[in-house]
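Engineer: Residue numbers (our numbering), protein chains in the order written: chain L, 1 to 219; chain P, 1 to 307.
For the record, the hints were derived by calculation from the structure and aren't laboratory data.
Please note that the accuracy of each hint is not assured.
Straight line, CA to CA, 20 Å or less: simulated DMTMM-like cross-link-like pairs of lysine to aspartate or glutamate [as the list claims (entries may be wrong)]:
# : chain 1 : residue 1 : chain 2 : residue 2
1 : L       : Lys177    : P       : Asp3
2 : L       : Lys184    : P       : Asp53
3 : L       : Lys177    : P       : Glu8
4 : L       : Lys184    : P       : Glu8
5 : L       : Lys177    : P       : Asp49
6 : L       : Lys184    : P       : Asp3
7 : L       : Lys184    : P       : Asp49
8 : L       : Lys177    : L       : Asp157
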Amino acid sequence: MRDQSEFAPDLSDAEAGSADGPPDGLMAVYAQNRHALLRFLCARTRDADLAQDLCQELWLRIARAAPGPLGNPRAYLFQAANRLALDHARGAWRRSMRDGEWLAGEDGALHAPDLRPDPAPGADDALIAAQEAALLARAIAQLPPGAARALTLHKIDGLTHSQVAAHMGISRSGVEKHMAVAMKHLRAALADCGAGARAASHPSEAPEMLPLAGDDHGR
Amino acid sequence: MEDRAAIEQSALCWHQAVCEGTVDWDAFTLWLEAAPAHAAAYDSVALADSLLDQHRDALSQTHQAQRQRHRWWPVGAGVAASLLALAWWHGGASTTPSAPDITQTSTAARALALADGTHITLAPRSRLEQRGNSFSVAGDAVFDVPHRPGRTMVITGGGLAISDIGTRFELNVEAQGVRLTVAEGRVSVALPGVAAPLIVNADHALLWRASTAQATLSERPHARIGTWARGELSYTDAPLDLVVADIARYGDRPLALSPALGDTHFTGTLLLGHGHSPAQDLARLLGLAWHVPAAGGAGRLEPANQR
Numbered sequence: 001m002r003d004q005s006e007f008a009p010d011l012s013d014a015e016a017g018s019a020d021g022p023p024d025g026l027m028a029v030y031a032q033n034r035h036a037l038l039r040f041l042c043a044r045t046r047d048a049d050l051a052q053d054l055c056q057e058l059w060l061r062i063a064r065a066a067p068g069p070l071g072n073p074r075a076y077l078f079q080a081a082n083r084l085a086l087d088h089a090r091g092a093w094r095r096s097m098r099d100g101e102w103l104a105g106e107d108g109a110l111h112a113p114d115l116r117p118d119p120a121p122g123a124d125d126a127l128i129a130a131q132e133a134a135l136l137a138r139a140i141a142q143l144p145p146g147a148a149r150a151l152t153l154h155k156i157d158g159l160t161h162s163q164v165a166a167h168m169g170i171s172r173s174g175v176e177k178h179m180a181v182a183m184k185h186l187r188a189a190l191a192d193c194g195a196g197a198r199a200a201s202h203p204s205e206a207p208e209m210l211p212l213a214g215d216d217h218g219r
Numbered sequence: 001m002e003d004r005a006a007i008e009q010s011a012l013c014w015h016q017a018v019c020e021g022t023v024d025w026d027a028f029t030l031w032l033e034a035a036p037a038h039a040a041a042y043d044s045v046a047l048a049d050s051l052l053d054q055h056r057d058a059l060s061q062t063h064q065a066q067r068q069r070h071r072w073w074p075v076g077a078g079v080a081a082s083l084l085a086l087a088w089w090h091g092g093a094s095t096t097p098s099a100p101d102i103t104q105t106s107t108a109a110r111a112l113a114l115a116d117g118t119h120i121t122l123a124p125r126s127r128l129e130q131r132g133n134s135f136s137v138a139g140d141a142v143f144d145v146p147h148r149p150g151r152t153m154v155i156t157g158g159g160l161a162i163s164d165i166g167t168r169f170e171l172n173v174e175a176q177g178v179r180l181t182v183a184e185g186r187v188s189v190a191l192p193g194v195a196a197p198l199i200v201n202a203d204h205a206l207l208w209r210a211s212t213a214q215a216t217l218s219e220r221p222h223a224r225i226g227t228w229a230r231g232e233l234s235y236t237d238a239p240l241d242l243v244v245a246d247i248a249r250y251g252d253r254p255l256a257l258s259p260a261l262g263d264t265h266f267t268g269t270l271l272l273g274h275g276h277s278p279a280q281d282l283a284r285l286l287g288l289a290w291h292v293p294a295a296g297g298a299g300r301l302e303p304a305n306q307r
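One chain only, chain L, in its complex shape (with noise of 0.2 Å):
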């Protein structure tokens, strides 16, 4: 295992605010945990590479729009972290499904990329979003009736927990067991689809299933 020191590079001057003096703000608080930040993003991502530009993409974006007066900036940060790592894995998956696709081919014979045409990105987007929908839809159908019903009523029609289990006249803890089957069933079925899915299925290499964000760097 990698020491954690490897993923703590200097900060560029602009992030630590010497360009245009001490920073202020969410950029100072910015500065005081970028250390923590990069630490988690490293940990998140398992890419000491893709932790960096994550980081990087997170200072851009606070300097480009800085929001209003926060509570507790510091957890806006780690916040706005994890949506980047997740934004990236999304990517990954999208990618492996279009790869998937590709790679499979129509007619189900298997087909070299570079001889298909490309597709309009906008439709490919609006395919893949399609089959993502249809993809849950169909998992949700073949979920066990406690759990689609548990799922259904909090993620699909909004009910907390706690209204999900006087709808249903169990206790929170019942929904919450409802809830960890139905989202193991749903990781099992996003896990079936997508090329880096598909590599990543056997349990000797990688065991838990979802091609991961930025695999391919610095390894």
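Based on these hints, arrange chain P on the given structure of chain L.
Structural biologist: Just chain P now, kept in the frame of chain L:
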């Protein structure tokens, strides 16, 4: 060694804390660093949840459609008879208990105009009985009923009683089930075994299955009724046995359905009249085999690979 189920449960808990804004970010970082499997488990939980959030509207629409298709009512035996009796009493109270007026059609439809402005189009091979403001239908009939305050018309068929009328609707009563399609206004329907009446609004259809005592309410935007009078039979996700019953009613020969096709549904339009064979068209559209005895008699629809 930490087992996978425990890791997944922890990942769910961390994700929940992140979503609720209660997470300790330093503790979360330590947990993620503790093992590569932790970050991978969290990644997949967060990704699945974000996909659910992104597609919530699409999933909600799918779920609503399923709710519409599977809105079932249980039934209790014996209540149908009391509902029918109530319907007869309700209508009979304003009239003398004389013999009913009966209209029976053969191969041609028949239009009836009542003194109160109601128009009824009775389909071929159908029967209408009238006692005052109470009607009973077997087969198919289209009702165009002007609203008259103080008057309640009751129409029964297949165990259902329809009332509170000022509307246009089609009622189809077969042995296999009852179909009610409302084009304008709304009607109140008493279902066997259900205490409260069901309101069926315009652009909605109700399917009552006698064999299973189940009712399905579905939307029918711009509902078209009585299309058989214009030489068309239009369907949306209709059970095949009811489609076959219609073809037998409006076609030129009886038609039977293989039990193997009992769960098949059909969406589309079949044309009636000279030069058209709705049974053959249906077979082509669904990829089925249509067998017609050389000596005449009932045709039969079967799966294509049968025989």
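Engineer: Is the straight-line distance between the alpha-carbon of L:Lys184 and that of P:Asp3 20 Å or less?
Structural biologist: Holds: L:Lys184 and P:Asp3 sit about 14 Å apart, inside 20 Å.
Engineer: Next pair to validate is L:Lys184 with P:Asp53; report whether the Cα-Cα distance is within 20 Å.
Structural biologist: Given that 20 Å is the threshold and the Cα spacing comes to 16 Å, the pair holds.
Engineer: Just to be careful, I want the Cα atoms of L:Lys184 and P:Asp49 compared with a cutoff of 20 Å; is the pair within it?
Structural biologist: holds (11 Å)
Engineer: Holds or violated: are the alpha carbons of L:Lys184 and P:Glu8 at most 20 Å from each other?
Structural biologist: holds (8 Å)
Engineer: Take the C-alpha atoms of L:Lys177 and P:Glu8, compute the straight-line distance between them, and say whether it is at most 20 Å.
Structural biologist: holds (12 Å)
Engineer: Against the 20 Å threshold, does the CA-CA distance of L:Lys177 and P:Asp49 hold or violate the hint?
Structural biologist: holds (16 Å)
Engineer: Compare the distance between the alpha carbons of L:Lys177 and P:Asp3 with 20 Å, and conclude whether the hinted pair is satisfied.
Structural biologist: holds (17 Å)
Engineer: For the pair we were handed, L:Lys177 and L:Asp157, check the Cα-Cα distance against 20 Å.
Structural biologist: holds (18 Å)
When the structure is compared with the earlier hints, no violation turns up for any of them.
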